[in-house]
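Chemist: What follows is the residue order along each chain.
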Amino acid sequence: MRAISPIKDELMTFTEEPNAIPAVEMRDITLRFPGVLANDHVNFTLYPGEIHALLGENGAGKSTLMNVLTGLYKPQSGEIRIHGKKVSFNSPRDAIANGIGMVHQHFMLVENQTVTENILIGLDTPHFALNLKKFDHEISDLADQFGIHIDPTAKIWQLSVGEQQRVEILKILYRGANILIMDEPTAVLAPQEADELIETLKGMAAQGKSIAFISHKLNEVKQVADKLTVLRRGRVTAERMDLENFTRESLASLMVGREVIFNLQKCEQTAGREVLRLEDVSAVNNKNLPALRNVDLALHEGEILGIAGVAGNGQSELVEVITGLRECTGNVWLEGKNIANKPPAFSISHGLAHIPEDRIGVGSAPNLSLTSNIIMKRYDQKPVSQKWQLDYVAADSLADGLKTEYDIQAPNVQTQARKLSGGNLQKLILARELSSAPRLVVAMQPTRGLDVGAIESVQQLLLNQRAQGCAILLVSEDLDELLSLSDRIAVMYEGHVVGTICSGDFDINQIGLMMTGTIPQDLKSPSSVEDSSGSNENSSISAPSSRFDEVLDHVKSFEESSSPSEEADQSVTPPEEPSEEDLPPSEILPEEDPELNLSEKERVLRKVLGEKYQQGDVE
Amino acid sequence: MNWIEIFRSGISTGTVLLIAAIGETLTERSGIQNLGVEGMMLVGAMAGFKVAYQSGNVWLGLLAAIAAGGLLSLAHALVTIHFQADQTVSGLSLTFLGTGLALVLGDGLTGMTAPVIPSFTIPLLSQVPYLGPVAFANHNLLVYVGYLLVPLSWYYIHKTRPGLHLRAVGENPAAADTLGVNIYRTRYLYTFIGGCFAGLAGAAISVAIAPGWYSNLTVNGQGWIAVALVIFAHWNPWRVALGGYLFGVLRRFTLDLQGPRLLFGLANPFFFNTNLVFFLQMAPYILTIIALIWGSSAARKKRIGSPAALGVPYQRGERGL
Chain A
1 MRAISPIKDE
11 LMTFTEEPNA
21 IPAVEMRDIT
31 LRFPGVLAND
41 HVNFTLYPGE
51 IHALLGENGA
61 GKSTLMNVLT
71 GLYKPQSGEI
81 RIHGKKVSFN
91 SPRDAIANGI
101 GMVHQHFMLV
111 ENQTVTENIL
121 IGLDTPHFAL
131 NLKKFDHEIS
141 DLADQFGIHI
151 DPTAKIWQLS
161 VGEQQRVEIL
171 KILYRGANIL
181 IMDEPTAVLA
191 PQEADELIET
201 LKGMAAQGKS
211 IAFISHKLNE
221 VKQVADKLTV
231 LRRGRVTAER
241 MDLENFTRES
251 LASLMVGREV
261 IFNLQKCEQT
271 AGREVLRLED
281 VSAVNNKNLP
291 ALRNVDLALH
301 EGEILGIAGV
311 AGNGQSELVE
321 VITGLRECTG
331 NVWLEGKNIA
341 NKPPAFSISH
351 GLAHIPEDRI
361 GVGSAPNLSL
371 TSNIIMKRYD
381 QKPVSQKWQL
391 DYVAADSLAD
401 GLKTEYDIQA
411 PNVQTQARKL
421 SGGNLQKLIL
431 ARELSSAPRL
441 VVAMQPTRGL
451 DVGAIESVQQ
461 LLLNQRAQGC
471 AILLVSEDLD
481 ELLSLSDRIA
491 VMYEGHVVGT
501 ICSGDFDINQ
511 IGLMMTGTIP
521 QDLKSPSSVE
531 DSSGSNENSS
541 ISAPSSRFDE
551 VLDHVKSFEE
561 SSSPSEEADQ
571 SVTPPEEPSE
581 EDLPPSEILP
591 EEDPELNLSE
601 KERVLRKVLG
611 EKYQQGDVE
Chain B
1 MNWIEIFRSG
11 ISTGTVLLIA
21 AIGETLTERS
31 GIQNLGVEGM
41 MLVGAMAGFK
51 VAYQSGNVWL
61 GLLAAIAAGG
71 LLSLAHALVT
81 IHFQADQTVS
91 GLSLTFLGTG
101 LALVLGDGLT
111 GMTAPVIPSF
121 TIPLLSQVPY
131 LGPVAFANHN
141 LLVYVGYLLV
151 PLSWYYIHKT
161 RPGLHLRAVG
171 ENPAAADTLG
181 VNIYRTRYLY
191 TFIGGCFAGL
201 AGAAISVAIA
211 PGWYSNLTVN
221 GQGWIAVALV
231 IFAHWNPWRV
241 ALGGYLFGVL
251 RRFTLDLQGP
261 RLLFGLANPF
271 FFNTNLVFFL
281 QMAPYILTII
291 ALIWGSSAAR
301 KKRIGSPAAL
311 GVPYQRGERG
321 L
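Chains A and B are the protein sequences, given in the same order.
Just so you know, we're using our numbering here: the first sequence kicks off at 1 and counts up by one.
Just so you know, we're using our numbering here: the second sequence kicks off at 1 and counts up by one.
Hints were generated in silico from the structure; no laboratory data involved.
Treat the numbers as computed from the prediction; the structure is a model and nothing was measured.
Ideal Cβ placement from N, Cα and C applies to all residues, glycine included.
Do not rely on the hints blindly, as some may be mistaken.
[Said to hold, decoys possible] Okay, the calculated beta carbon distance ranges per label pair:
hint, chain 1, residue 1, chain 2, residue 2, range
1, B, Asn182, A, His149, 29 to 35 Å
2, A, Asn285, B, Tyr156, 34 to 40 Å
3, A, His137, B, His82, 38 to 44 Å
4, B, Gln127, A, Asp94, 58 to 64 Å
5, A, Thr153, B, Arg185, 28 to 34 Å
6, A, Asp94, B, Leu105, 34 to 40 Å
7, A, Gln381, B, Gly311, 32 to 38 Å
Throw the hints in and build the complete structure from the sequences for me.
Modeler: In structure tokens:
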């Protein structure tokens, strides 16, 4: 095998092919959308029993290429062969008939129908009357065959994201598909769910299914795939490569077209005066249940406060309370003004910037132009506002400037926001929020679903704000991100802030334990933890009653319903993590609680931390 | 007051709403909102009456009404599905178009008499105390058709393959599309069916329940009530029936309330004060609004809101690149 160096613009082709007929052979596929060349003479080959990764940034044309294969788009040129036979697809129905099925990134499920009903859509077999009971059985049999656990009578909205994805997989398996396309399947999954998915996929490949795996996560690709094809801006930059030849850095440069720095430049600085203070804040969630319970937090100039926690422990409600989108009790002080229960406009005028989790629904108006989205917070200020009129020339030039400054890839500022890829949409939101010189930035999941290049620039933008003395509240489920960006991390569990850790004392295991609601014994020192639930910041922690048992029950019931691949899970080699070196060697695990034995504790940690737990555990 | 008669004719009036609202339910379930029900009903009423009057055959009139309503709805389908225009605007225009068409083509029909749909009594069922005389005695055929329509349409929507596709198209057209369901064909079909039902509902007035042509007073806003009824009923035929009959009974009751001089031994205010009568006539509509507000907030709690893609044109490949 020849050594591969990260060549940037040449096409690299790997010629040694197995002696079999490819399941899929796409040649010279070209597809042009108005204003964009989405696929430019792309080749893609997939052999039976193979997991072939398709890597590229958002907007590189990966999903488009696969939508061509599923018959959703018709290419302007090029040919497709399935098992050696030339085909031409006019609709998804033709692709299904040829055994091709796709699990879309945004699930294609009907929320208020049952699992079985969703699987039966579009089929001819129940001719008129639906005998759901009979099909429920068929589907649970099929699920068992591939080790997938699902209740066929459940409605989709009752299922977790991971379960919904299993429905999508079942949907295509039920159609007898032997070519499966997975479009960024792990983007929406928690680490342990992702591991389960990868096991399922490997099992299916072993049964002879061919799997195309779209991703922009380098670690994951190395973990799951046999072969690799890389796309950049609609072109193939590496075709059918073996994965051993690549390092993380060379893969990244193939994708992005330049070197990607994995270690962010974060300057040392001390926090300034207080910008945000929450006093005894409580709030309820949409179901009227308590979501925030007596939260006290403080945030200072030039400081990033990370909020860690398993999803749904009050993080969204915390952000909504601070940004004025949710009613609360207690006080929220921003620059000395109480902004609790005040309209968002009030907080904005006092220096609040909000980078919401839902970029399309909350963060932007998808049908409006870039310009309109940019001026949403300053339409009433000069130069955009001219008395009672809007100066669109000024607005366009403002938007144009920010488009260049924030490197937003779009034909022009009149482009509708919904036509942007995820990373560019996020940059648009950042451009609007950060250009108003905020005092406080509230960012929720700012890099979720973005590709490496975009993640790097979003994180760097946040660090630049920090350097300028802005206070930043960063809510993320990505622990690596929190560890590398935050000055302090507050861990939330069931609406409480369990504890706050300063950057010198970061330890992934301790944070993981706190995410389950427990405070480890060795954390009970005033130097490492500020007690946020008490009034005195430096008092030692008064542990809320341990909810460990409760968590264990959850974990037990979860395990009963999930695939029994616990052992296999652990054998997966941990991918390289850039932040690994920065971590202090893992502290010994906390002293045993008399009520618990260690192995159960370990299981909780595995569930919470996924693969990261093992890295800490290796030492 | 004759309670049996109030309920009996209430059911008769409610049948008109029931037929139109079930048609609109099917249309909206596919994701198309057609606010032109009033116009389509008026065209149906006119066509039904005119053909029955000129041919002397009421069944031909019924067919003509169905065809007229269906044809008019195709205009809405073309504009909203093919050209992706705003469904509210198109639906409102359809009402104007339908009203205008019906008034022009129905010129000179006022005061004429035409054959009507036969009425009959169902032998055994009409003997059931209270229910029999109300629901099964001396009704015209369309009332009985209405009884069958409710369970049949419910079964169709929830328990059959085409019904599954219908719901999928209205909830998540992109999902249905990836599974090979033809979104455009489905939406055309159910918009057409909804139009046919509206036409039939119009004819149910002009050749069955209140025979005759009284220009645009023939339908008199019932198309709008039908649209509201669909929302009140959360797109469920059983609740459509409940709401339709309830509204019919209320309307009849407010009429009967104006009749007697004495009410519970006192002077009937509605007989002597004409201003109060206006409020009485408003009552069913006010109750409709209250029911709508109550219904939609109850629906949100139970996650049985409108079809998720209602009013949204479908175009492939809209998302991202």
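Chemist: Hint by hint, say whether it matches the structure.
Modeler: Status of each hint after checking the structure:
1. B/Asn182 to A/His149: 29 to 35 Å: 34 Å, holds
2. A/Asn285 to B/Tyr156: 34 to 40 Å: 38 Å, holds
3. A/His137 to B/His82: 38 to 44 Å: At roughly 42 Å between Cβ atoms, B/His82 and A/His137 fall inside 38 to 44 Å, so the hint holds.
4. B/Gln127 to A/Asp94: 58 to 64 Å: Taking Cβ atoms as reference, B/Gln127 and A/Asp94 lie about 59 Å apart, which means the hint holds.
5. A/Thr153 to B/Arg185: 28 to 34 Å: 30 Å, holds
6. A/Asp94 to B/Leu105: 34 to 40 Å: Given about 46 Å between the Cβ atoms, the range is violated.
7. A/Gln381 to B/Gly311: 32 to 38 Å: 35 Å, holds
Violation of the numbered hints given earlier is confined to hint 6; every other hint is satisfied by the structure.
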